[in-house]
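> Read off the chains here:
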Amino acid sequence: MTVLTLVVVSLLLVLGVPISVVMGLTTILCLFFFTTIPLQTLFQQLFQGAEYDLLQAVIFFIASGAIMTRGTLAGKLIRVGRAMVGGFHGGLAITGILSCMFFAAISGSSPATLVAIGTIMIPALIRNGYGERFAIGLLTSSGTMGILIPPSIPMILWGVVMGVSITKQFMAGFLPGILLGSVLIAYSYHISKRNGWKGSDVFSWKEFGAALRDGIWSLFMPVLVLGGIYMGIFTSTEAAYVSFVYAMVVELLIHRSLKLKDLVPIFKESVLTSAMLLFIIANASVLSYYFGVNEIPNTVAESLTRFITNKYVFLFLVNVALLVMGCLMDIVSALFVLGPIFQPFLQKFGIDPIHFGIILVLNIEIGFITPPFGVNLFVSSALTKRGIVEIGRSVVPFILLMISVLFLITYIPWISLVLTRFVE
Amino acid sequence: MGKLARVEEYVLSLMLFQMGLSGFLQVVVRYGFSSAITWLDELVHYEVVMLTFFGASLGVKYGVHIAVDVTKMRVRGGGHDLLDAASSLIWLLYVAIVLYFGMRLISMMTGLVQYTPTLRIPKHYLYLLVWLGYGAIGLRVAGQLFRNLSKIFDRRQRRL
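Chains A and B, in that order, give the protein sequences. Letter 369 of the first sequence, counting from 1, is numbered 369 in this note's numbering, and no numbers are missing. Letter 28 of the second sequence, counting from 1, is numbered 28 in this note's numbering, and no numbers are missing.
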């Protein structure tokens, strides 16, 4: 039965059928052939899958990200970063990384972070004498931090699948995000020093003050959104609404970078992105219903635990499998199938699902930049008008750095979990 | 058809805007007045459902649905169209099954009317919303299949 299902799933995937349809159709076939459950329940599940409360958070973090990407928020962040570190060796590169980290703290998406910061930073780096391959590789990779530093859309989805607290899951992303950012900064400093790439900016308190004043509304956003969540002022869903309205007010009324009519294409784009994700979720909820009824995850776990007896081996194998998977497909949509399958293992080996969520998110990040299907590669290719192969080559050193960070985070759970103790 | 799609885009975009403002209003009301507008909360829930399925239909038009493209990248020209046609056929099969069983569920439910908690909407109307969304997806996919098949057919004719 399992083999037959796997064959059908692989066949459908190879044919290029959308992942959501593969999930839905496979469930229908399984329900029909292997159970006596009436197929009408499928329809009820589809409805319930789309009605889930936290999905509103997904929609509005996507929408606020889209508004900020089109507005001037990112440019103002970059100005602050440049005023701070622009004069050092690799100062402009470090500005790029810091801006990505900061933008990541207001947006929950990696491609959005890449578009917002990369559009400005890649040409700026090249203009200032940095190597082109380095500049493209750095920003394409730094952009992925959008989902590691909270808020994060995949983390919300992981919370939905595993029933873990989103607030804690968000908190767990902070230190790993800072660690990854620091590793990228150290590498950029090293490469820039070796090549003599140094910024022409000279630090001045006057420019720093002016940049701060200009960027105050951008800088206040993570304080409001993340601070609000951690102080218990609002839930993550409410935070998404606040961030949506805040982004609109700042860009429309304060920065005046957008007009009302500019919102229409932004909303349309947000509708399309959210609907694509939500449609996968609705179909995935049907599949996990089938999984639950037939206790499939337990069966899979039982048969696999004969071979995997150790927590460390399990984590190693998961990382290898996810890295390979990340090259071929989008892991975000696979979360819904993987979550229930991983759950029995997490229980057996005593792995905290929040820690595991961070491991998954890092794998998704690496998947964003691994050829041939990494989303950020395509975004970067569109931004820089360079071919995918060239972009793929530029990210290689960064992929290696990220994989080493992944293994650190996998085997030292403390990095992810230490801060979660401070939130309810 | 093009005009209808334009209307659909505007309606969904406007709905997103209204949902965003409603959600924000809830935060203000909850924080400022320790209260909640329950009917609005319920409405937004159903709008998410609408956005999911009607948005998915719009997504077919813009090709946003994620698929594994390994095979597609390897074949060119005619093979590409054939793959697309096969994929659309499978989509249609899936939509047809959902529509059939959805209609059975809805007609079963019309006999025993259940209402939603605050807005008092009969539950089967909401299911009908999902059903219509799937209908819209089906229409779009059918259109795509038709275009693909006519491309394949044209190529055949040219070759003859």
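For the record, the hints were derived by calculation from the structure and aren't laboratory data. Incorrect hints may have been included.
[As the list claims (entries may be wrong)] Just a sample of chain A residues kept apart from chain B, beta carbon distances all over 10 Å, derived:
#	residue
1	Thr35
2	Gly129
3	Ile185
4	Arg194
5	Val223
6	Tyr241
7	Pro413
[Unchecked claim] Below 27 Å or equal to it, Euclidean Cα-Cα: the simulated DSS-like pairs (lysine-lysine) are:
#	chain 1	residue 1	chain 2	residue 2
8	A	Lys268	B	Lys61
9	A	Lys385	B	Lys3
10	B	Lys3	A	Lys261
11	A	Lys348	A	Lys198
12	A	Lys348	A	Lys311
We treat Cβ as the ideally placed atom computed from N, Cα and C, and that holds for glycine.
> For each hint, tell me whether it holds in the structure or not.
Now for the hints, and whether the structure bears them out:
1. Thr35: Holds, because the least Cβ-Cβ distance between Thr35 (chain A) and chain B comes to about 14 Å, which exceeds 10 Å.
2. Gly129: 36 Å, holds
3. Ile185: Holds, because the least Cβ-Cβ distance between Ile185 (chain A) and chain B comes to about 32 Å, which exceeds 10 Å.
4. Arg194: Answer for Arg194 (chain A): holds, closest chain B Cβ roughly 37 Å.
5. Val223: Holds, since 17 Å exceeds 10 Å.
6. Tyr241: 4 Å, violated
7. Pro413: The claim stands: Pro413 (chain A) keeps its Cβ more than 10 Å from every Cβ of chain B (closest is about 31 Å).
8. A:Lys268 to B:Lys61: 13 Å, holds
9. A:Lys385 to B:Lys3: 33 Å, violated
10. B:Lys3 to A:Lys261: Holds, at roughly 19 Å.
11. A:Lys348 to A:Lys198: 52 Å, violated
12. A:Lys348 to A:Lys311: 9 Å, holds
Hint compliance for this structure: hints 6, 9, 11 are broken, all remaining hints hold.
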